[in-house]
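S.K.: Here the working numbering is used: the first residue of the sequence shown is 74, the next is one more, and so on.
These are computed hints drawn from the structure, not numbers from a lab.
Don't take every hint at face value.
[Claimed, not checked] EDC-like mimics (lysine to aspartate or glutamate), calculated; alpha carbons at most 16 angstroms apart, straight line:
#, residue 1, residue 2
1, Lys-99, Glu-114
2, Lys-183, Asp-76
3, Lys-99, Glu-207
4, Lys-183, Glu-154
5, Lys-183, Glu-114
6, Lys-105, Asp-178
7, Lys-99, Glu-112
8, Lys-99, Asp-181
9, Lys-105, Asp-212
10, Lys-189, Glu-207
11, Lys-189, Glu-97
12, Lys-183, Glu-153
13, Lys-105, Glu-211
14, Lys-183, Glu-75
15, Lys-189, Asp-76
16, Lys-99, Asp-178
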Amino acid sequence: MEDLSLHIMDIVENSLRAGAQCVEIKLFEDHKENTLSLEIEDDGQGMNADTLKGASDPFYTTKEGKRFGLGLPLLAQACEETGGSMIVENREPTGIRILATFHSDNIDMKPVGDIKETMRVLMASHPEVTFSYEYSAEDGGSA
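Start from the sequences, fold in the hints, and give me the full structure.
M.R.: Structure below.
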């Protein structure tokens with residue numbers, strides 16, 4: 074995936090397949106620490122222990138007829154390439170929370186991409202779902 078907005082689209086589509094009716098997306102830039110944090114939280118069915126364990130394996134998927142599950146492994150790789158990390162938390166009884174942290178001053182940092190267009194496509198494609206997007210920065214900027 075070329076930019077973070079495409080990773081967001083992929084992860085959110087997984088949330089929607091899991092029955093999410095509410096998806097929250099947050100981006101936080103810390104200019105002092107040169108980090109970018111992406112948090113995606115949903116109220117879908119969550120993951121059982123086996124699914125949560127396999128979620129970082131590209132050869133594990135719950136999608137019928139598919140042999141690969143690349144969404145979370147590719148996001149984790151994008152984080153790790155910058156010296157960052159990714160955490161996936163099960164929010165029992167429902168939902169998951171993904172926290173991906175990137176070192177934004179690393180040469181391997183992918184561009185954020187067109188978040189506005191990603192959100193527009195998600196909202197237009199799934200009008201029954203409540204989406205929220207929040208951006209904030211350490212320097213007090215927000216949008």
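S.K.: Evaluate each hint against the coordinates.
M.R.: Hints and how they fare:
no.	hint	in the structure
1	Lys-99 - Glu-114	9 angstroms, holds
2	Lys-183 - Asp-76	5 angstroms, holds
3	Lys-99 - Glu-207	5 angstroms, holds
4	Lys-183 - Glu-154	10 angstroms, holds
5	Lys-183 - Glu-114	21 angstroms, violated
6	Lys-105 - Asp-178	11 angstroms, holds
7	Lys-99 - Glu-112	5 angstroms, holds
8	Lys-99 - Asp-181	21 angstroms, violated
9	Lys-105 - Asp-212	8 angstroms, holds
10	Lys-189 - Glu-207	11 angstroms, holds
11	Lys-189 - Glu-97	14 angstroms, holds
12	Lys-183 - Glu-153	12 angstroms, holds
13	Lys-105 - Glu-211	7 angstroms, holds
14	Lys-183 - Glu-75	7 angstroms, holds
15	Lys-189 - Asp-76	13 angstroms, holds
16	Lys-99 - Asp-178	20 angstroms, violated
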